[in-house]
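Enquirer: Take the numbering used here: the final residue in the sequence shown is number 722, and no numbers are missing along the way.
The reader is advised that the hints may include incorrect statements.
Distance condition first, Cα-Cα at most 27 Å in a straight line; then the derived BS3-like pairs of lysine-lysine [unchecked claim]:
#: 1; residue 1: K689; residue 2: K573
#: 2; residue 1: K667; residue 2: K630
#: 3; residue 1: K491; residue 2: K602
#: 4; residue 1: K630; residue 2: K491
#: 5; residue 1: K567; residue 2: K491
#: 6; residue 1: K667; residue 2: K491
#: 7; residue 1: K630; residue 2: K567
#: 8; residue 1: K496; residue 2: K630
#: 9; residue 1: K565; residue 2: K667
#: 10; residue 1: K567; residue 2: K688
#: 11; residue 1: K573; residue 2: K631
#: 12; residue 1: K688; residue 2: K630
#: 13; residue 1: K630; residue 2: K573
#: 14; residue 1: K602; residue 2: K689
#: 15; residue 1: K667; residue 2: K496
#: 16; residue 1: K565; residue 2: K630
#: 17; residue 1: K689; residue 2: K565
#: 18; residue 1: K667; residue 2: K631
#: 19; residue 1: K573; residue 2: K688
#: 20; residue 1: K688; residue 2: K565
No wet-lab data here; the hints were simulated from the structure.
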Amino acid sequence: MNVLRTLAVSLSLYSRIPMPQFQWKEEDMKHVLIFLPVVGAVIGGLVYLARQLTIAKHSTLFQLFFVALSSLLPLLITGGFHLDGFMDVCDALRSYGEKEKKLAILKDPHIGAFSVICLLMYALAWVGALLLLVEKGNLVLFCTIFFISRAACGLTCTLFAGAKKDGMLQMERSGMVRSDVIFLWIQLIAGLLFGLWFDWKASLLLALTLFFYTVYYHALCKKQFGGVTGDTAGYYIVMSELWMLIALAAYGYWGV
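Make the full structure from the sequences, and use the hints.
Expert: Here it is in structure tokens:
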């Protein structure tokens with residue numbers, strides 16, 4: 467594996483970060499999932515920088531500016547890549563059809579009313595929780611959830627059964643080897659351990675929140691789709707980040 471080429475392909479696939487242009491080879495696609503957390507590290511770093519630029523300003527206006535900017539940065543970096551999957555899954559789940567129908571909805575480029583409603587609900591929950599976190603929570607740990615969610619997503623994409631025998635995700639996971647899985651585990655554990663330096667209780671809460679949501683996600687995908695897909699991977703990232711944010715906000719505000 468050419469590490470730099472694979473990294474460039476991974477960042478090109480999962481983000482809008484400018485990368486050198488070259489012809490992609492099949493070998494370059496085999497291990498792209500292991501660098502998915504790098505996108506999260508970039509997002510987390512930029513969110514932390516945004517907080518450092520506004521931390522000296524204690525006005526409500528600057529708090530709102532940080533909330534808006536830190537909500538916008540993931541969209542700017544990824545181009546809404548994961549939100550697209552989130553909306554597709556929301557439409558499929560609300561169809562209440564058979565697995566085949568739901569998988570067909572995931573392929574449909576059009577959006578339905580349910581996905582728009584779910585997106586609005588998600589945005590309200592995200593902004594509300596982030597406002598609480600800005601008031602009393604640990605913003606350093608908040609910056610880590612983008613990295614943690616993507617490391618965990620890489621593992622779910624690799625270890626959970628796939629819903630289809632074709633598609634982009636199947637192509638990516640087919641080239642994964644044992645060392646790739648180990649590297650993803652190392653990244654996930656490192657991301658969680660990093661939080662121990664700042665607040666071990668909050669970091670433990672993050673780990674538990676991610677664990678229980680992942681268990682739920684596995685059951686959801688197995689029941690509704692027969693396994694994971696590229697769209698459900700986007701759904702996982704979006705929802706796991708939201709639940710970790712809510713957990714941090716609740717811990718910071720109510721001390722739970």
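Enquirer: Now tell me if each hint is right for this structure.
Expert: Status of the hints after comparison with the structure:
Proximity of K689 to K573 is assessed by CA-CA distance (about 18 Å); at most 27 Å being required, the pair is judged to hold. Annotation: proposed proximity of K667 to K630 is violated, straight-line Cα distance about 39 Å (limit 27 Å). With a C-alpha separation of about 48 Å, the suggested pair K491 and K602 falls outside the 27 Å cut-off, and the hint is violated. Distance restraint check for K630 and K491: the Cα-Cα separation of roughly 23 Å lies within the 27 Å cut-off, and the hinted pair is therefore satisfied.
Between K567 and K491, the direct Cα distance comes to roughly 33 Å. Violation of the 27 Å bound is thereby established for this hinted pair. Between the alpha carbons of K667 and K491 the distance comes to roughly 45 Å, so the proposed pair goes past 27 Å and is violated. Distance restraint check for K630 and K567: the Cα-Cα separation of roughly 13 Å lies within the 27 Å cut-off, and the hinted pair is therefore satisfied. Distance hint between K496 and K630 is fulfilled; the C-alpha atoms sit about 18 Å from each other, no more than 27 Å.
Taken as a hint, the K565 and K667 pair is broken in the structure, with Cα atoms around 40 Å apart against an allowance of 27 Å. Straight-line distance between C-alpha atoms of K567 and K688 comes to about 15 Å, which keeps the hinted pair within the 27 Å bound. With a CA separation close to 14 Å, the supplied pair K573 and K631 stays within the 27 Å bound. Of the supplied pair hints, the one linking K688 and K630 holds, its CA atoms being roughly 12 Å apart against a limit of 27 Å.
Only pairs whose Cα atoms come within 27 Å are accepted, and K630 paired with K573 is accepted, the gap being roughly 12 Å. At most 27 Å may separate the alpha-carbon atoms for a hinted pair to count; K602 and K689 exceed this at roughly 38 Å. Only pairs whose Cα atoms come within 27 Å are accepted, and K667 paired with K496 is rejected, the gap being roughly 37 Å. At most 27 Å may separate the alpha-carbon atoms for a hinted pair to count; K565 and K630 meet this at roughly 11 Å.
Restraint check: the Cα-Cα separation between K689 and K565 comes to about 8 Å, which is no more than 27 Å; the hinted pair holds. With a C-alpha separation of about 41 Å, the suggested pair K667 and K631 falls outside the 27 Å cut-off, and the hint is violated. With a C-alpha separation of about 18 Å, the suggested pair K573 and K688 falls inside the 27 Å cut-off, and the hint holds. At roughly 10 Å between alpha-carbon atoms, K688 and K565 fall within 27 Å of each other, so this suggested pair holds.
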